[in-house]
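Trainee: Throw the hints in and build the complete structure from the sequences for me.
Just so we're aligned: 19 in the numbering used here is position 19 of the sequence shown, and the numbers increase by one with no gaps anywhere.
Only true hints are included.
Taking lysine-lysine and the DSBU-like style, the derived pairs with C-alpha atoms no more than 30 Å apart in a straight line are: (1) 103 with 33; (2) 105 with 72; (3) 105 with 33; (4) 72 with 33; (5) 103 with 72.
Cβ pair distances, simulated, as ranges: (6) 81 with 48: 14 to 20 Å; (7) 98 with 73: 25 to 31 Å; (8) 106 with 73: 20 to 26 Å; (9) 94 with 47: 31 to 37 Å; (10) 99 with 37: 17 to 23 Å.
Hints in this document: simulated from the structure, not taken from any laboratory. Heads up, the beta-carbon is just placed ideally off N, CA and C, and yes, glycines get one too.
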Amino acid sequence: MKESIGLSNVDGNPKSGSSTSRDSSPAAIVTVKECLDGMEILVNCGLGFRLSRVLQVLLQQGLSIVNCSCTKTNTSSVLHTIRTEVSSTDQPRIINVDVIQQKLKDIIHDDTSFK
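Mentor: Structural data, given as structure tokens:
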């Protein structure tokens, strides 16, 4: 794990994970991968998913959005790819990848449960 970027998880190892929402069709899936200077988040979800909720969580966790692209797949879903960096601040900030993974899992489940 690269210490200078301030990413961590509970066991201190690089993080990559995915979560699936069981309440929508097609199922919403979020995958978080640690990158050299931040994280890459992939969200595969239905057409009505509110991406702004994901972006809001990332910003609240001290990440800057570097790039966000959306691609419609052959099915009725959209793949969102979000690249982030740790926001520069005067004080070093630790970004816990496990916490972000869980928060994204929760909002995706909440967002797809009410459709």
